[in-house]
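**Student:** Okay, here's what each chain looks like letter by letter:
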Amino acid sequence: MSYFNKLTSALLAGAAALAVASGASAAEKIVISNWDGYMPADMLERFTAETGIQAELAVHATNEEIMGKVVAGKGKGYDVLFVSSPFVEALKNLGLVAELDHAKIPNMKNLYPEAMKLDYDPGNTVSVPYAWGTTGLCYRSDLVEGTPDSWMDLLKPADALKGKVTMLSTDRWLMAAAFLAEGKSVNSTDDADLAAAKDLLVAAKQDLLAYDDTTFYSKLVSGEASLVHAWDGWCNYGIAENAEIKYVVPKEGSDLWVDTIVVTAASDHKDAAMKFIDFILQADNGAWVPENILYKVPNKAAMEALDPALVEQYPNLGMTPAELLQQEQLRDLGKGQKAFSKTVTEILASN
Amino acid sequence: MPRSLLRDWLLLGPGLTWLALFLVVPCGIVFVFAFFERGVYGGIDYIFTLENFSRAFDPLYLSIFLTSAKVAGLATLIALLIGYPAAYAIARAPARRQTAYLVLVMLPFWSNYLIRTYAWIVLLNREGLVNKGLATLGLVQEPLPLLYNEFAIITGLVYNYLPFVVLAIYSSISRLNPEVLEASEDLGASAPRTFWRVTLPLTLPGVAAGAVFVFVLSIGNFITPDLLGGGRLQMVGNIIYDQFLTARDWPFGATLSFLLIGVMMALLFSQAVLVRKAQGESGREGAAA
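Chains as they are written, first to last, in our numbering: chain C, 1 to 351; chain R, 1001 to 1289.
With a cut-off of at most 20 Å between alpha-carbon atoms, the simulated DMTMM-like pairs for lysine to aspartate or glutamate come out as follows:
{"id": "1", "chain 1": "C", "residue 1": "LYS198", "chain 2": "R", "residue 2": "ASP1058"}
{"id": "2", "chain 1": "C", "residue 1": "LYS162", "chain 2": "R", "residue 2": "GLU1150"}
{"id": "3", "chain 1": "C", "residue 1": "LYS162", "chain 2": "R", "residue 2": "GLU1127"}
{"id": "4", "chain 1": "C", "residue 1": "LYS338", "chain 2": "R", "residue 2": "ASP1045"}
{"id": "5", "chain 1": "C", "residue 1": "LYS342", "chain 2": "R", "residue 2": "GLU1051"}
{"id": "6", "chain 1": "C", "residue 1": "LYS338", "chain 2": "R", "residue 2": "GLU1037"}
{"id": "7", "chain 1": "C", "residue 1": "LYS338", "chain 2": "R", "residue 2": "ASP1058"}
{"id": "8", "chain 1": "C", "residue 1": "LYS74", "chain 2": "R", "residue 2": "GLU1037"}
{"id": "9", "chain 1": "C", "residue 1": "LYS69", "chain 2": "R", "residue 2": "GLU1037"}
{"id": "10", "chain 1": "C", "residue 1": "LYS335", "chain 2": "R", "residue 2": "GLU1037"}
{"id": "11", "chain 1": "C", "residue 1": "LYS342", "chain 2": "R", "residue 2": "ASP1058"}
{"id": "12", "chain 1": "C", "residue 1": "LYS338", "chain 2": "R", "residue 2": "GLU1051"}
{"id": "13", "chain 1": "C", "residue 1": "LYS335", "chain 2": "R", "residue 2": "GLU1051"}
{"id": "14", "chain 1": "C", "residue 1": "LYS342", "chain 2": "R", "residue 2": "GLU1037"}
{"id": "15", "chain 1": "C", "residue 1": "LYS205", "chain 2": "R", "residue 2": "GLU1150"}
Just so you know, the hints here were simulated from the structure itself, not pulled from any lab data.
All values derive from a computational prediction rather than experimental measurement.
Kindly produce the complete structure, drawing on both the sequences and the hints.
**Tutor:** Structure (structure tokens):
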């Protein structure tokens, strides 16, 4: 056993030495982590051509994945991150993101005034919104009778829809469906609210085809599902394939989700990173998002230049910032997270 | 240090280093994290606590452990029932054809686990090939609920891990000394009796190895319950995944991981005991083969 301990400590020392050595190399290059396909493929090339700054793309599949990496490594190795709004708040509280110098991001002027006063980061001190939207119901108008307009249409589906609905299982959105249906805050961690939401969602599970966070729109296209819980931008992917597919924000409201861009506190190239954010905020770069991946952006200049035919085909692209701001924003749950995630586990594990 | 001892350590070096760096150290970290508190915004507060363990022994998580064990156990049983005859047939086939059969058993591994899992979705969904085929033949009126349930999860697990069972049992059966079987026959035992009293006991180590493979890989699996189970059934793997990523509660995720590692260690240990016992019973002969 003592031999083994010596071996382990020798190995640990070796690993530590390697880590120190690799941290020493530094060139004028920024590393950006974004969702795959969430910006134009030639974006970094054009950025380098314009600014002379080298840029490298790392991709993450989910907020959770990049959070894991950044929290574990204190953000070292990354300069710019794309994360959703509740995670900005967590990163800010953990001291992992840098204050933004607005003088270095003049294109901030392209944003809607509403996009400067978002609750999770008023004044955009550490983050810049990249895309935003709502969560609601996406359905086949030829297979669903009438127009669904309430979260209860999803949670207590009509007999014809039983076994033909899907829900998002990502904790915050799963719970938001029930919270909104019951007139509660989407950020509640109150015991009574959690218990009520649990009862509703456990009952709703009986009528679900499946939980689906990634392929729900193709289930609508194939006819496997008739009504699904969806993010507006993803519903548009279904609409692109079948014009009978429609999106609606239920009358009880939606959450407002915002995907943002932040600079890590650990970045050695903060000026270059902010130049990149400024580049993203150019009107034509912002317009790429609604034109290609069918999400709304908080970039006024980009949205005003949008082809009206696109808005006609995908009506949710036409939602105004004022309409979006009426929806409650998802916030980090802080201390309430334990009780919240236990409730989610209870729902997902129920029979 | 004597020369042969030096040589042994040199040979063992790379393997031991690998295990120490990528198995022992990470497991140690997981164990240590289980005794700290989650930071309010994720991450870890280095304050000693036993709260994670008291949370883990909540009936909720115990029932998820039991569900996982049930699913993994069923998958193991079915894989053995399918795998044993297949392995037996391959081991008894002419030598030149055995290689071809074994390559066929391994063939699914040439494609990615996720792709193979999605292929099952294409087959089993309501509008999928199986239901469309049955409907065309007039065998069913309404599509059968083949996907997004426990049946689909077990099907996926059995499909994915069956090759391990076949290989493990095959290696046991092919090492079986034919003289032992002849002796049993000469002494008047019927074929079924020879199988139950001679073949099966002697190939038990292979059965145990295959069973442990399937069980251990199944109980920690989270992709199959997510995709084929439609997230409707939670296994330990899903909970651990969610605690580390979605809830960002590393200490609790670490506690659940540690308990799962404990279960697996116990299983591997009992498998080793079983193998040793079986080898002891088969005597010198088994060891020499």
